[in-house]
Amino acid sequence: MGFVAHTDAIIFDLRQNGGGQPTMVTLIASYLFDKPTHLIDIYNRKEDSTTQNWTLSYLPGPRLTRQPVFVLTSKRTFSGADEFAFDLKN
Numbered sequence: 001m002g003f004v005a006h007t008d009a010i011i012f013d014l015r016q017n018g019g020g021q022p023t024m025v026t027l028i029a030s031y032l033f034d035k036p037t038h039l040i041d042i043y044n045r046k047e048d049s050t051t052q053n054w055t056l057s058y059l060p061g062p063r064l065t066r067q068p069v070f071v072l073t074s075k076r077t078f079s080g081a082d083e084f085a086f087d088l089k090n
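1 is the number of the first residue of the sequence shown in the UniProt record's numbering; add one for each residue after it.
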């Protein structure tokens, strides 16, 4: 993510994004917070267990906390993309 470290703003265009893995959502979101932040709890019905997702403490690049962040969504934004937008909004 260092390639966007010196930009004026960051725009995530998720309008046609069908989703992704919670681990990738956690990784990308971690760059946008400067301290440990709770993102979401995921409930597994089959196992009757809940997993808390928090931002990562270590990242291989600089955190991107100085730029404004914009997230574009649409009715075709699903799954991990929807979670990403939710995590940043909350």
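Don't take every hint at face value.
Restraint-style ranges between C-beta atoms, simulated for each label pair [what the hints assert, rightly or not]:
| hint | residue 1 | residue 2 | range |
| --- | --- | --- | --- |
| 1 | 82 | 10 | 14 to 22 Å |
| 2 | 7 | 48 | 24 to 32 Å |
| 3 | 89 | 56 | 17 to 25 Å |
| 4 | 10 | 46 | 32 to 40 Å |
| 5 | 5 | 46 | 38 to 46 Å |
| 6 | 78 | 56 | 37 to 45 Å |
| 7 | 6 | 27 | 29 to 37 Å |
| 8 | 2 | 47 | 31 to 39 Å |
Because the hints were derived from the structure by calculation, they are not lab data.
Idealized CB from N, CA, C, for every residue including glycine.
Against the structure, the hints come out as follows:
1. 82 x 10: 14 to 22 Å: holds, 18 Å
2. 7 x 48: 24 to 32 Å: violated, 44 Å
3. 89 x 56: 17 to 25 Å: holds, 20 Å
4. 10 x 46: 32 to 40 Å: Check passed, 36 Å falls within 32 to 40 Å.
5. 5 x 46: 38 to 46 Å: This hint holds: roughly 41 Å between Cβ atoms.
6. 78 x 56: 37 to 45 Å: violated, 24 Å
7. 6 x 27: 29 to 37 Å: violated, 21 Å
8. 2 x 47: 31 to 39 Å: holds, 37 Å
In the structure shown, a violation is registered for the earlier hints numbered 2, 6 and 7, in ascending order.
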